[in-house]
Amino acid sequence: MGGHKKTEVTETIGAAPTVEELKAKYTRKREERDVDKLFRALVRLKGSDLHLKVGRAPIVRVNGELKPLNRGPIDAEEMANLLFPIMDDRNRGIFDKTGGADFAYVVDVDGVDWRFRVNLLTQLGRIGLVARRVNNFIPNFAGLHLPPVMETLCHFDQGMVLLAGVTGSGKSTTIASMLNHINSIYGKHILTLEDPIEFVYTEDKCLINQREIGMDVIDFAVAMKHAVREDPDVMLVGEMRDEETFMTAIHAAETGHLVFGTIHASSAPSTIGRILDLFPDTMHSAIRSALAMNMKGIVAQKLLRSIKPGVGRVPTCEVMTFTPMIQKLVLEGQDHKLADAIRIGAEEGMQDFTMSLHHLIETGLIDRPTAFQVAPNKEALKMLLKGIAVSQPGIL
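Letter 173 of the sequence shown, counting from 1, is numbered 173 in my numbering, and no numbers are missing.
Since the hints were made in silico from the structure, they are not lab data. Zero decoy hints are in this set.
Distance condition first, Cα-Cα at most 25 Å in a straight line; then the derived DSS-like pairs of lysine-lysine:
#1 Lys-296 x Lys-337
#2 Lys-53 x Lys-37
#3 Lys-67 x Lys-53
#4 Lys-308 x Lys-382
#5 Lys-308 x Lys-46
#6 Lys-382 x Lys-337
#7 Lys-205 x Lys-188
#8 Lys-205 x Lys-296
Restraint-style ranges between C-beta atoms, simulated for each label pair:
#9 Pro-85 x Pro-369: 43 to 49 Å
#10 Asp-96 x Pro-369: 42 to 48 Å
#11 Ile-218 x Thr-323: 39 to 45 Å
#12 Ala-286 x Glu-20: 48 to 54 Å
#13 Asn-136 x Thr-18: 31 to 37 Å
#14 Val-62 x Ala-286: 46 to 52 Å
#15 Gly-72 x Lys-337: 56 to 62 Å
#16 His-251 x Val-62: 38 to 44 Å
#17 Gly-364 x Glu-243: 42 to 48 Å
What you are looking at is a predicted structure, and each value in this text was computed from that prediction instead of being measured. Beta carbons: idealized from backbone N, C-alpha and C, even for Gly.
Make the full structure from the sequences, and use the hints.
Okay, here's the thing in structure tokens:
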């Protein structure tokens with residue numbers, strides 16, 4: 001959810017639509033479009049991403065590798081005919097003004113609605129598309145090969161849980177799995193505010209409402225204003241990209257909600273600094289206090305190619321739960337000691353990337369070259385593989 005700015009709703013309201021116009025808006029199904037064939041090809045090939053660029057054949061990413069579809073290149077006119085129809089009035093305005101637009105797109109594939117996270121872009125004066133397929137099936141914890149502590153983070157009544165990582169690191173899938181776990185065991189109200197919606201949940205024990213920014217509600221600020229009147233127990237507020245997003249999320253956590261979100265950060269400890277960067281220096285002390293009191297856990301993850309048959313990619317996870325030691329270090333601004341606190345907190349469910357990579361190797365999910373390619377501390381991983389655990393509790 002980037003750059004959530006308050007919108008003066010009164011400026012956007014014109015003549016009120018008729019009842020018939022409203023009925024048509026909320027009940028109609030859309031017409032078939034030429035680009036739908038390419039989205040269906042992506043699904044049937046079990047690909048994750050679709051790339052459309054003028055002068056190239058359509059390209060799909062399958063198990064991490066880019067592969068062209070068996071057809072000719074797309075010229076500029078065909079590209080315009082493929083892509084402009086998939087934008088509504090709002091996104092056409094955004095695209096024209098900014099040179100890009102993000103939105104969700106739904107295509108029927110063999111009777112099943114598949115969702116895609118679409119980014120339309122311009123490069124060298126040509127329009128193009130990158131779309132990420134959103135898996136209709138939400139895997140459980142066992143299917144994602146996540147550490148057991150991830151389930152524990154689902155059982156809090158209030159607080160905040162953040163998933164950190166770069167784009168494409170599986171953050172959204174992990175959160176979807178966690179929310180679906182809550183859905184399977186608790187009778188709660190889950191409210192998601194997303195831009196765009198990725199996973200669509202099937203209600204089990206929970207009541208679930210999903211609101212898409214721009215489609216269901218005008219902007220994030222209005223969505224959060226509505227949220228306090230919608231009686232949620234659990235909230236997904238999307239990505240923490242700005243001060244307003246984080247402040248509204250932490251306020252929801254303080255007032256008795258369990259809040260999930262994502263953030264772009266490379267590790268669990270560095271997430272603290274990433275959050276502080278959203279605020280002026282004068283607010284850092286207050287933000288540290290809010291984090292120490294309300295954060296339940298920060299999980300950083302990266303996706304790696306698996307060597308296990310039937311498993312495409314697996315996450316390597318760094319988990320920092322907010323134990324009294326972690327709370328103390330965050331409050332005192334001793335972020336440089338957080339990595340050591342994670343290493344000695346294994347009994348409380350914590351692990352760093354080195355410990356995670358060691359586990360993935362030992363369980364036959366990844367090979368050693370893959371692990372050493374991404375290992376932040378290659379010497380520590382070598383020692384762990386030799387059976388030598390490195391922990392220095394004295395430094396804390």
